[in-house]
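Top to bottom, those sequences are chains A and B. Here the first sequence is numbered in the working numbering, starting from 1118 and rising by one per residue. Here the second sequence is numbered in the working numbering, starting from 1118 and rising by one per residue.
If you are wondering where the hints come from, they were derived from the structure by calculation, not from laboratory data. Predicted model, so just to flag it, every value in this text is computed and none were measured. You may find that some hints are simply not true.
Since the list gives no way to pick out one identical chain from another, each pair is judged satisfied if it fits inside one copy or across any two copies.
[Said to hold, decoys possible] Pairs of lysine-lysine residues, derived as DSSO-like cross-links and limited to a Cα-Cα distance of at most 27 Å, are as follows:
1. Lys1225 to Lys1125
2. Lys1426 to Lys1324
3. Lys1225 to Lys1435
4. Lys1258 to Lys1124
Here's the letter readout for the chains.
Number of protein chains: 2
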Amino acid sequence: MELENAKKELLQLQERMSAYNHAMGLISYDGETTAPKGTAQNRAHSLGILSEITYQLSTGKDTVALLEYLDAHKDELTQKEKRMVYLLIKDIRFMQKIPMEEYVAYQKLTVESQDAWYNAKMNDDFASFEPYLEKIFDYQKRFAHYAAPDMDPYDYWLNEYEPGLSRRVCDEFFATLRQRIVPLIKACGEKDQVSDDCLKGDFSEDKQEQLALWLMETMGLDRQHVGLSTTEHPFTTSLGSHLDERITTHYQREDVSSSLFSVVHEGGHALYDTGSDGDLAYTVLDGGVSMGIHESQSRFYENILGRSKGFIRFLFPKLQELFPDEMRPYTWQDVYRAVNRVQPSLIRTEADEVTYSLHVMIRYEIEKRVMAGELSVHELPCAWNKMYKEYLGVDVPNDRQGVLQDSHWSFGAIGYFPSYALGSAYGAQFMAKMKESVDVDAALAQGDFAPINAWNKEHIWHFGSLLTPREILDSALGAPFDPAYYLRYLEEKCRDVYGLDY
Amino acid sequence: MELENAKKELLQLQERMSAYNHAMGLISYDGETTAPKGTAQNRAHSLGILSEITYQLSTGKDTVALLEYLDAHKDELTQKEKRMVYLLIKDIRFMQKIPMEEYVAYQKLTVESQDAWYNAKMNDDFASFEPYLEKIFDYQKRFAHYAAPDMDPYDYWLNEYEPGLSRRVCDEFFATLRQRIVPLIKACGEKDQVSDDCLKGDFSEDKQEQLALWLMETMGLDRQHVGLSTTEHPFTTSLGSHLDERITTHYQREDVSSSLFSVVHEGGHALYDTGSDGDLAYTVLDGGVSMGIHESQSRFYENILGRSKGFIRFLFPKLQELFPDEMRPYTWQDVYRAVNRVQPSLIRTEADEVTYSLHVMIRYEIEKRVMAGELSVHELPCAWNKMYKEYLGVDVPNDRQGVLQDSHWSFGAIGYFPSYALGSAYGAQFMAKMKESVDVDAALAQGDFAPINAWNKEHIWHFGSLLTPREILDSALGAPFDPAYYLRYLEEKCRDVYGLDY
């Protein structure tokens, strides 16, 4: 009987946590979408207080006693309950090791630093963001040290974003990619240039928004539960549960592809989150399990599906309808080639699939060096520009298009970037497996995402966070993860677009 | 020393409450502005939990002990602390009398009923809203009974929205108004009709938004701290403190005056809230003290200033700039007459100043009868239509333009409407007083709100909720409240616009 009560309390605890997550997530989301520009301090004030309250809720005696009791009765729990207890205890153990004042101060800092990042980016003024970023790196080093004193702090955070990840795994993974991607870029560069003129022009925000909403419908997103807003940097967030999901985009008037692929990317995240089984709502099992699996879905939709021949052929009439003047001179083949053009460039989120991993590697190397104390935050812009020259051969004209381009560090996400590359590689292997039972090409040609979504839901989404990333990979793939799928996929795409003899 | 600690805890308690208010207010605001349409239940879930938590915070042993201790040491408190303790104890005494389950269920109900109201209005389907509204009236009767068993439940709520208000006071006030307003409307009706053609046309949302933002600047609103969004029904809300204020509007493509006066009205609320002294932020003294005083400010800006000759003359060139085709045939005098046209109509928020109070009286009479059990919710549409015929001589064609037009009942605001009429009357008397020291006409002619805002800030805004409504009236007016100012003001306006010999 006591166990039954404890099980009920376990659910109530998670319901409370999800209400706080709803509140705090919405305050942040509002700050990025709607709030007047001078309100960051007011938000920081409220978030500071709420994070103090949630800290106390998570680490309070009652909570700890409840979870320890349940942990001691592990064998009498269902699979779901067991996993809930495991994840909650993991979080609590972390929070218990962080002094509350530091935890609260850090929450406030990230609100203010997001604002500082935004202003720094707008004004191309890294110096104004530098003191915030220094503090963030310091906190993350210190928190990692509190949490796992015997572990390298960067390894700690890599493993947090993608359980199992470490510098060793990353080094090996990126070396494998680099070995085949660098010559691939070179080979494409030696062929005739592919033009992306068909993506450039004057595309009104209004029509781009229509396109975004059409894409959401086409992908099978339920607009009753998935909202669209605009922000400086596109992202996806769940509010309270997977029943209220928000994606954001960023319209560029002169380039139709920017928002287009942002929407498909964030839409992939949203499909994953909203695909959780209904009974996972308001528990820690709701929504995606790790950033690696999350990015495997977002980048799967953005690239493997979104930049495929079949989908572009299906999409083209819609582009013609919305932008008749801009599209008149072109064919769907022009668009297909343009969105798959391999071209070293400045901005990660707009990079092609082949050069993309190099953008990620630069961030990985920089994070690794800052976390190891080998590089100071002050030196970041210089190191950034140097590596862009070395890895991608491009000159960075300003910090706005350089080190300030991404928002991640401003909210403390250090160790996140590698999951983008890892997720891309997972996705390619998912696709190979999916094709064994789904006629993906036929579905895409008709813009029919239903059979594709059904496969992902069955093998990935519906679990929420019930399975570990490794368990999902094992059960969905039936084979170990192998980046060769991803490399073969990239090479095949280049063969097709550039006529390489690879 | 214990007292000093208690004073600190008093501030901390209020900071916590304001963080919860921020969170819960934002979840509601998001529901009305941005959230996907299918997410009301998810919001209700989170709000239910958060209101349970705030209920426990407010009525918990520690809070009650703290406030009772401070109350016992009243004489050692500052004026501000004394007022904080008074207001907090008042709230707690109320909440202690409401069973927590009912309180939480009611919070959830109002989220769902706002959604139900919105859909009912969109579909002109009162029946779908009726069960929610029945429950809301039932709850408000029951809550009033719990709180003040010896008091008439409607008197209880009237007094909550405007301390000192009761059916007796309202009956007398409205009788005074009706006695002079009804013949005034008749007299205007016998004169040549005033045309409002200059307000009708095709006004793009985009330009109307530009106008709204220009109005906000002109009124002296600080856009760094005051945001603008669109909703079905315009409103104003503070999030966490007066440092983050939001107003909303509703653009009607065919009528430029609708959003124009909504913005000036909500802008008046926002000026009041954001005019609180800085050190009141994160306390219960932050923001306006009562709905009556609040409406005195909003309707002061909307009507007494916004529809004045001086302001319309100043505004007209901006209208010409934004809407050159629409304004070409007209002069500023045409606009002045049009916005002051007396014309019995269907929609309260778009009514002229003279007929406005009759719209309020209808709602007051209906609320009074439903609360007394003399009228059922089911009979509301019929009673509504009958009274519109009787009071205003208009036929209500559907519930969308009738009983479903206002959102107030859907969020439980019963007893709120009289404050609109009362506030209008306060405002007229404030103006008479202000004119003793400020050259209002000269300021308006130049669109210079600074001296007007300065007077309001000094006499009304900066106090926040430190003074009672009565204290504000007494100190600002230096004389008892007298509705004759309001009636004289309306008669003078009609003399000017209609050439009456009143």
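- Task: Could you figure out if Lys1258 and Lys1124 sit no more than 27 Å apart (CA to CA) within one copy, between two copies, both or neither?
- Result: Answer is neither; intra-copy 36 Å and inter-copy 38 Å both fail.
| When no copy is named, should Lys1225 and Lys1435 be tagged within, between, both, or neither for a Cα gap of at most 27 Å? | neither (44 Å within a copy, 42 Å between copies)
Which holds for Lys1426 with Lys1324 at a C-alpha limit of 27 Å: within a copy, between copies, both or neither?
-> Classified as within: same-chain Cα gap 23 Å, cross-chain 41 Å, threshold 27 Å.
My question is about Lys1225 and Lys1125: at a cut-off of 27 Å on alpha-carbon distance, are they close within one copy, between copies, both, or neither? Only across copies: Lys1225 and Lys1125 sit 21 Å apart there, 33 Å inside one copy, limit 27 Å.
Against the hints set out earlier in the document, violations occur for numbers 3, 4.
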